[in-house]
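Undergrad: Construct the complete structure from the given sequences, taking the supplied hints into account.
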Amino acid sequence: MLAAIYYRIGQSFDILQATVVRAGFCTHNLIATYFLYDDIKDYWCLLNLCGTIFILIELVVTIIERQGLEPKW
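Residue numbers (our numbering): -4 to 68.
No lab work stands behind these hints, which were simulated from the structure alone.
Heads up, some of the hints might be wrong.
Claimed, not checked - In silico SDA-like pairs for lysine to any residue, Cα to Cα no more than 20 Å straight-line:
#, residue 1, residue 2
1, Lys67, Ala13
2, Lys67, Asp9
3, Lys67, Leu11
4, Lys67, Phe8
TA: See the structure below:
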């Protein structure tokens, strides 16, 4: 019973860590895209926001398929 509780706590920490890392990546991308667009004033710069969508998709896959475990490269 105690081992199951430790496993769930570890799994919850993995999911929280994956979410925080992806949120940091998305925030960095949003800030960088804002400053790039503010400097250049070209709507093509907003295509950089597509990366944020792919990061959010990868977050969902990481949480659902891998239970928060990061891929090993």
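Undergrad: Measure nothing beyond the straight line between the CA atoms of Lys67 and Asp9; if it is 20 Å or shorter, mark the hint as holding.
TA: holds (14 Å)
Undergrad: Does the alpha-carbon distance linking Lys67 and Phe8 stay inside the 20 Å limit?
TA: holds (18 Å)
Undergrad: For the pair we were handed, Lys67 and Ala13, check the Cα-Cα distance against 20 Å.
TA: With a Cα-Cα distance of about 13 Å, the restraint between Lys67 and Ala13 holds, given a limit of 20 Å.
Undergrad: Given the hint that Lys67 pairs with Leu11, does the C-alpha gap stay at or below 20 Å?
TA: Roughly 18 Å between the alpha carbons, so the hint for Lys67 and Leu11 holds.
Violated hints are absent here; each numbered hint is respected by the structure.
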